[in-house]
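Those protein sequences? They're chains A and B, same order as listed. Under numbering that gives the first Met the number 0, the first sequence has 12 at position 13, and the numbering climbs by one with no breaks. Under numbering that gives the first Met the number 0, the second sequence has 83 at position 84, and the numbering climbs by one with no breaks.
Derived DSBU-like pairs (lysine-lysine); straight-line CA-CA distance at most 35 Å: (1) B/K147 <-> A/K147; (2) A/K147 <-> B/K134; (3) A/K134 <-> B/K134.
Derived by calculation from the structure, the hints in this document are not laboratory data.
One letter stands for each residue in the lines below.
Number of protein chains: 2
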Amino acid sequence: MSQTFSLNCPLPVQRYPQVLLAHGGGGRLMHQLIEEMFLPVFGGGAGGLQDAATLVLPGQRMALTTDSYVVSPLFFPGGNIGTLAINGTVNDLAMVGARPLYLSVGFILEEGLPMETLWQVVQAMQQAAQDVGVKIVTGDTKVVDRGKGDGIYINTTGVGLVVAAPERPPIAPASIQVGDAIVINGDVGRHGIAIMGVREGLGFGTTIVSDCAPLWSSVQGLLEAGVEVHCLRDLTRGGLASTLNELAQAADLGFVVEETQVGVLEQVRGACEILGLDPLYIANEGRFAAFIPAHQVDRALEVLQAHNPPDTVPQVVGWVQEAPQGQVVLRSQVGTDRLLEMITGEQLPRIC
Amino acid sequence: MSQTFSLNCPLPVQRYPQVLLAHGGGGRLMHQLIEEMFLPVFGGGAGGLQDAATLVLPGQRMALTTDSYVVSPLFFPGGNIGTLAINGTVNDLAMVGARPLYLSVGFILEEGLPMETLWQVVQAMQQAAQDVGVKIVTGDTKVVDRGKGDGIYINTTGVGLVVAAPERPPIAPASIQVGDAIVINGDVGRHGIAIMGVREGLGFGTTIVSDCAPLWSSVQGLLEAGVEVHCLRDLTRGGLASTLNELAQAADLGFVVEETQVGVLEQVRGACEILGLDPLYIANEGRFAAFIPAHQVDRALEVLQAHNPPDTVPQVVGWVQEAPQGQVVLRSQVGTDRLLEMITGEQLPRIC
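One chain only, chain A, in its complex shape:
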């Protein structure tokens, strides 16, 4: 973790190898951290050192979303807490059909955190923000005593512009209709298993890489292709099963999912068997379900494939019907049905 940044390493990293309580105290050290690390990387933005960033918004239909990130460990195959904090919030905006415009970033740092770790996370955030075209415009830094945090917690709050046509019904559970196809943009379970692999020190033969990715370009692609998107939802905490339950309840309709249509990587399935986990309940960070009219499925799959990495295949996994109201039915390979319930306990804590 230490080789990549020696050239551009900012001064606070050199002078203070660890985060001190004073880095959150409002004085000289905090300003140094902001001016020498955050502002050069994130850009002065519209905020600078003001209490709030002032923005001219390009429209009046806006979206606001917030997420705190407490993933453990901070680094995992395919990303770190910083990439997660950008992509996760960007994705929440995308899920209501909003183009991500601005982000705020709130750090809660634990006293003693290696400054180098913060620096790597900050760089990853900027890279992720740049990749998706979102601007980090304001921020906040707090430091808590040793033993009262776990390295880094990050809150990102996002403001986006709703681009879905105003004359169409909103992209929301209430717009889901009987007959809609349930399309998923790829296989499930990678993120949670990538985290578990590092956390438990499990090898699983090959490294499973998180699917953590921004979803806005896929959503934008669907909208631009004229696909009537009724509802979108990313398959994060609680995985596919909990997300679909949430939506079935909100829409008061019944969903049928064909088990054989849900893609699960061989290695993910193997790891789940070892760990006694069900891939349908594992969190993803780059997967979403789209509810679209059945006649537009081909076009949607084409668009999604065009925005996917080559190893990820979108799939129609099910459809919407009247019954059982508010519930999700899983149809097995041999045609037997069972209810797919919402997760009750905590299958994998702190995966985002």
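Given the coordinates of chain A, assemble chain B onto it according to the supplied hints.
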């Protein structure tokens, strides 16, 4: 702390006396917490259970601000982490002349937190939001393992409408002018000392109550009275001294502060002497500095007094001149000058 809510105590409080990891897991327990505690108190809002709230904004000049709150202890005379989280973010919007409209709330809860404590904080947040007329529209809940947090951390991010006249220079350090009066809306040091009093178990004879308060009505009052507000800044972390240093540097001008003009309550001064602290560096949560043309001082004081509680008196504490550039001079009672520096270390950690 336990008497006030038994009547309306929501079900999760009764069923789960403590926060479990599963309350942040994306499953049934998390939804229960949201549906039975957060939504009924904060209101379904535009967000409901969607990933993002969609909002129609009443204008295009908007402000965005974020703050995380990690105050210890969670409850103190005059407020708790919840009131602080609402007022602090509302105040950051007010400081750029923006009417607070919408807030997001992100909780990071520690496993084992008494559910009753969360309930009290949630109620306090709603009360504070209602008092200032801001809507909580979206949120997030994460739970971290026992020993990896400190009860409750809260991030609030605020969206406001900039109401300052667009033809005027923005309310910002760059708009500060030579000759401006520096007006403070009240005495300093109450919040930090209120926190210290609880934390250290000090009596100080009488209880010192935090000045934690929303500042929007005062700012609105100044703007509506036609006061040309050049810059505003709340006197939080680092206190009056650090805040003025920050602004002097940003404006590249010199500030003179008359020590005798800065109000400090008798008990606050006494507590500071016992603790070896300087009240000018103590954090406030309901005080701000306003930079205004000298000829408008009387009107400004009148407006500020009208919005203050009876025991709080606004005061002109100094003025702006060319030199010493980027620095703050403190003029003592006997007329001697010394530089008032920005705080270097951490005088009082985790006061907000």
